[in-house]
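*Asks:* Each chain, letter by letter, is given below.
There are 2 protein chains.
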Amino acid sequence: MQIAILVFDRFTALDAVGPYEVLSRLPGAEVVFTAESRGPVRAETGSLALVADAALDEVPRPDVVVVAGGPGQGACMAPGPVLSWLRAVDATSAHTTSVCTGSLLLAAAGLLVGRRATTHWLAIDQLADLGAIPVHERFVADGKYLTAAGVSAGMDMALSLADRIAGEQVARTIQLGLEYAPQPPHGVAPGCAATAAPAIVEGLRARRRQILT
Amino acid sequence: MQIAILVFDRFTALDAVGPYEVLSRLPGAEVVFTAESRGPVRAETGSLALVADAALDEVPRPDVVVVAGGPGQGACMAPGPVLSWLRAVDATSAHTTSVCTGSLLLAAAGLLVGRRATTHWLAIDQLADLGAIPVHERFVADGKYLTAAGVSAGMDMALSLADRIAGEQVARTIQLGLEYAPQPPHGVAPGCAATAAPAIVEGLRARRRQILT
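Residue numbers (full-length UniProt numbering), protein chains in the order written: chain A, 1 to 213; chain B, 1 to 213.
Hints are computed from structural coordinates only; laboratory data are not their basis.
Where hints are given, some of them may not hold.
[Said to hold, decoys possible] Sample of chain A residues with no beta-carbon within 12 Å of chain B, all distances over it, derived: (1) T45; (2) A75; (3) M77; (4) G80; (5) H95; (6) A128; (7) V135; (8) A153; (9) Q169; (10) R172; (11) P190; (12) G191.
[Unchecked claim] Chain A side only, calculated, beta carbon under 8 Å to chain B, not exhaustive: (13) Q2; (14) L14; (15) S47; (16) A49; (17) L83; (18) G150; (19) S160; (20) L176; (21) G177; (22) Y180; (23) A181; (24) V188; (25) C192.
Positions of the beta carbon are idealized from the N, C-alpha and C atoms, including for glycine.
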């Protein structure tokens, strides 16, 4: 079972590494990080680089596709090798998945038309513009498509995928191996736009508007 | 504020990338991944490599030290450059921290003698052998030392550290940016040895014994 994780310049590292850490522990799994070309790919901060061990054309038929998100995703939205690859591999994949704004790439490739999907809370309106049905959930399954909310949601999505692929016992074993019993110091409420302090929600919205304009 | 994240051959990727994703968002933070020598460092699975942008001797005075864990940690426990570097940088660091079995490296460097600390639940007995006082908590603060439990606990530890360094408002803003409102599909109980199914706990213990002997 080959699991391809797509990364690109200015991706968000945890979007890719969260699911990697879960899915690489599936029995028989072979994970490969892939990008337009082989070699180090820098995350959005510039201070982390992850090595893509294979170029896109070296990964023609993965069983599972995981698409990371991040600020650099915008540059991949235009017609080009990333969207072509996504359409090609989706034709034979068993599961096509995304974390954070990775779902915008799936949508831009035309794979989420009329499908329920999610993304980072700050980007959710863009999903509708690309023909998907945006849903505010931690992760959303629609057929073989599994899309996760922002960054850290990739862990939960991947555990759910582990469950589908290998069963609940295996998923629970992976969860215990990763000691994934999260305890954010201020609880979970500050991590969700619906329950966080309004001033903090608005602060992040304003920062995003500033970046986009 | 320089934040040095120590990695080594066969580290656990999420141990390093969880805290990176949180701490790199602190105002004024400069994160640097460091290892014995510059270049790609392979995680335990072999399928992920992260680039160390600086060798240990190029990072002489970080303000914050984060030590990842992972199966390769054993090879760094003997007297050598890693333990020497840890002792040297700890002399001037404001915060010395670890995730998972990274705390065994801090302990082997003599930095946790008589201090409360934690690690991955499967390795907790080793902490006592190295002079620390083992505590079963998600993360443990003892003076400037902050140690996290297994793998995913690094996120919670890093948010707590963000809180100490930059205040609660900043920590909550980072948490919302990462949409860190975790929802493991089967809840948090399967992620903790005290609440997981006994058969799964014993299965992982048996696998570890097999690896160690």
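*Asks:* Hint by hint, say whether it matches the structure.
*Replies:* Outcome of the hint check:
no., hint, result
1, T45, "violated, 5 Å"
2, A75, "holds, 21 Å"
3, M77, "holds, 21 Å"
4, G80, "holds, 25 Å"
5, H95, "holds, 15 Å"
6, A128, "holds, 19 Å"
7, V135, "holds, 14 Å"
8, A153, "violated, 6 Å"
9, Q169, "violated, 7 Å"
10, R172, "violated, 4 Å"
11, P190, "violated, 4 Å"
12, G191, "violated, 3 Å"
13, Q2, "violated, 10 Å"
14, L14, "holds, 4 Å"
15, S47, "holds, 4 Å"
16, A49, "holds, 4 Å"
17, L83, "violated, 25 Å"
18, G150, "holds, 3 Å"
19, S160, "holds, 5 Å"
20, L176, "holds, 5 Å"
21, G177, "holds, 6 Å"
22, Y180, "holds, 4 Å"
23, A181, "holds, 3 Å"
24, V188, "holds, 4 Å"
25, C192, "holds, 4 Å"
Violated hints for the displayed structure, listed by number in ascending order: 1, 8, 9, 10, 11, 12, 13 and 17.
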